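Engineer: Given next are the chains, with one letter for each unit.
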Amino acid sequence: MRGGRSAGIYLVLVVLLFLLALASVIFGAVEITVGEIGSALAHALSGETLASLNERIFLQIRLPRVIMGIFVGATLTIGGVLLQALFRNPIVEPGLVGTSSGAAFGASLYFVLGAAFGIELGEWGLPLAACIGGMVSTTLVFYLARSRDSGRSSVIALLLTGVAVNALFLSGVGFLSYIARDPQARSITFWNLGTLSGAYWGAVGIVGAVTGIGLWLSLRYAKQLNALMLGEQEAQLLGVSLGQLKLKVLAVNVVMVAVATAFVGVIAFVGLIVPHFLRMLNGSDNRFLLGAGALTGAIVLTASDLAARLLVSPAELPLGIVTSVIGTPIFILLLRRTNYLF
Amino acid sequence: MISLENVSFAVKKKELVREVSAEFAPGKMHLILGPNGAGKSTLVRLISGELAPSTGAIHFDGTNLRDLSLLQQARRRAVLSQNLELTFPLSVGEVVMLGRYPHFTDRPRAEDLAIREEAMRLFGVLAMQDRNYLTLSGGEKQRVQFARVFAQIWTAVADRPRLLLLDEPLTFLDIFYQYDLMRKIRDFMSGNPGLTVIGVVHDINIAAKFADQILLLRNGTVFAHGDPRTVLTEKSILEVFRVVIQDRFEIN
Numbered sequence: 001m002r003g004g005r006s007a008g009i010y011l012v013l014v015v016l017l018f019l020l021a022l023a024s025v026i027f028g029a030v031e032i033t034v035g036e037i038g039s040a041l042a043h044a045l046s047g048e049t050l051a052s053l054n055e056r057i058f059l060q061i062r063l064p065r066v067i068m069g070i071f072v073g074a075t076l077t078i079g080g081v082l083l084q085a086l087f088r089n090p091i092v093e094p095g096l097v098g099t100s101s102g103a104a105f106g107a108s109l110y111f112v113l114g115a116a117f118g119i120e121l122g123e124w125g126l127p128l129a130a131c132i133g134g135m136v137s138t139t140l141v142f143y144l145a146r147s148r149d150s151g152r153s154s155v156i157a158l159l160l161t162g163v164a165v166n167a168l169f170l171s172g173v174g175f176l177s178y179i180a181r182d183p184q185a186r187s188i189t190f191w192n193l194g195t196l197s198g199a200y201w202g203a204v205g206i207v208g209a210v211t212g213i214g215l216w217l218s219l220r221y222a223k224q225l226n227a228l229m230l231g232e233q234e235a236q237l238l239g240v241s242l243g244q245l246k247l248k249v250l251a252v253n254v255v256m257v258a259v260a261t262a263f264v265g266v267i268a269f270v271g272l273i274v275p276h277f278l279r280m281l282n283g284s285d286n287r288f289l290l291g292a293g294a295l296t297g298a299i300v301l302t303a304s305d306l307a308a309r310l311l312v313s314p315a316e317l318p319l320g321i322v323t324s325v326i327g328t329p330i331f332i333l334l335l336r337r338t339n340y341l342f
Numbered sequence: 001m002i003s004l005e006n007v008s009f010a011v012k013k014k015e016l017v018r019e020v021s022a023e024f025a026p027g028k029m030h031l032i033l034g035p036n037g038a039g040k041s042t043l044v045r046l047i048s049g050e051l052a053p054s055t056g057a058i059h060f061d062g063t064n065l066r067d068l069s070l071l072q073q074a075r076r077r078a079v080l081s082q083n084l085e086l087t088f089p090l091s092v093g094e095v096v097m098l099g100r101y102p103h104f105t106d107r108p109r110a111e112d113l114a115i116r117e118e119a120m121r122l123f124g125v126l127a128m129q130d131r132n133y134l135t136l137s138g139g140e141k142q143r144v145q146f147a148r149v150f151a152q153i154w155t156a157v158a159d160r161p162r163l164l165l166l167d168e169p170l171t172f173l174d175i176f177y178q179y180d181l182m183r184k185i186r187d188f189m190s191g192n193p194g195l196t197v198i199g200v201v202h203d204i205n206i207a208a209k210f211a212d213q214i215l216l217l218r219n220g221t222v223f224a225h226g227d228p229r230t231v232l233t234e235k236s237i238l239e240v241f242r243v244v245i246q247d248r249f250e251i252n
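As they're listed, the protein sequences go chains S and X. The first sequence: position 317 = 317 (the numbering used here), numbered continuously. The second sequence: position 133 = 133 (the numbering used here), numbered continuously.
Read the hints as simulated data drawn from the structure, not as lab findings. No experiment lies behind these values; they were computed from the predicted model shown. Hints should not be assumed to be uniformly reliable.
To be verified - Selected chain S positions facing chain X (Cβ under 10 Å, derived; list incomplete): (1) G8; (2) A85; (3) A227; (4) L228; (5) G239; (6) M280.
Where is the CB? At the ideal position from N, CA and C, for every residue including glycine.
Start from the sequences and build out the full structure, keeping to the hints where you can.
Structural biologist: Take a look at the structure:
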């Protein structure tokens, strides 16, 4: 549509993201100056050892954390856009079709029983367990929601099945916390609340790669998802083969969300609110929603993480709590506004 | 152009369409009439490829419909239906562009943009192209959808014949727009000889006025097929619709 307007929005988002990311590496329990950032980058690029403690904090703790936040925010929003477009329903997000609770269950299982069964996969164990959990629960939701007659699933059936499967997996998480020993129980709780504090470069690389590939694939489906706005029947008349599209979009979504969730825990509301906000701003062309959504999701998560670190400094709040506390009122506000006028 | 060979369609052993064979000549307007439950909509949905025949075959320009991909069909066949809602907000221009989607891969080409503009002009919605579709009135939405559907088959792809299907598009229109739409379809056909129209309308008068050929259905089978004058007789209407026609209205 209005190319000029979209370009303006992109520009504002990029500038905003850059400023927030900069603020996010500077402020925290320890304040880092711009001069230290410059010299740390210069040292790192020239391969020299880092001079000061602050330089090391910046390069090994702050920077990976901020970049991780950017990727995770982008991933969660892309997941939200994909699912909302696919189910033609603005209140769908990865959490509602079981992906997050399944991932949480997988992770909890790993925390509590992984060591007991002698499963030791190093840093890959947790993401793998969460990924498998997310895939199992999402597949379960879609399998159970299929109608026996037509083999297709309605949105209502899907959402209600999602509620049921979520309840099952979350009670599983509850049971595991109940039988867990103290440190394990703390890990589960911490992970369920979501945090970027464990970010390291290896994880950033994995999540970054998945986010990049996921965004690229999603953009390829954007046109077909646009046609779906007219309804499944009309989309087919426009040449969209629905079965394939659903499968591809769901696969991309599950892998993206499960991998991100595996490293940072459960973070709610970002994938739900950001697409809403952008639709009000500039309509629902999915190409725009995916691109601008990735940026806006990154902004929201970076800002939330900054708040999580500054509010109770030098301690920090779990990120999932911050996004939920900010997200809930915004979501209700969005719901109460008139339907999508731009 | 379109030929049906012993086409049947059944849902749970109930046959909605039974052993229908018919040839739809190219460049003509074929309208399907029949009482409720005669299988009119089912027949249109079989021709549009939404439903697959239980037995029999449908040929589109010599090729079995089964052997054409959804995209191949979409490039040459469009369906005009009743008012459609949209889940999410899109501008009018974006909605009409959806009709061009089967024709380009990534970004709309200059040709697609030009066709979109002409289609919007034909249905008088060009001035509202930046408006949010969700804020339009029912009649405006309908015209936007018409522009979208026409944009889909605006020009021939590689000079192959095109097909426009009508799935009761007149249902929610007032009488002015009913005639307006039928006239626009007629005008469009005279400028595009490669276009065949097959469809369902409810009004016998409109069908008689605009159709080249009438297919009269009863209980899922063909009752009569041919020129409106020969098909729509007092006798056939009495038998199919169980209504006696009078040549003028009596007003007390």
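Engineer: Now, for every hint given, state plainly whether the structure supports it.
Structural biologist: These are the hints, each one checked on the structure:
1. G8: Violated - the Cβ of G8/S stays beyond 10 Å from chain X, reaching only about 15 Å at its closest.
2. A85: At 8 Å from the nearest chain X Cβ, A85/S passes the 10 Å test, so the hint holds.
3. A227: holds (6 Å)
4. L228: holds (8 Å)
5. G239: Cβ of G239/S sits 3 Å from chain X, so the hint holds.
6. M280: holds (8 Å)
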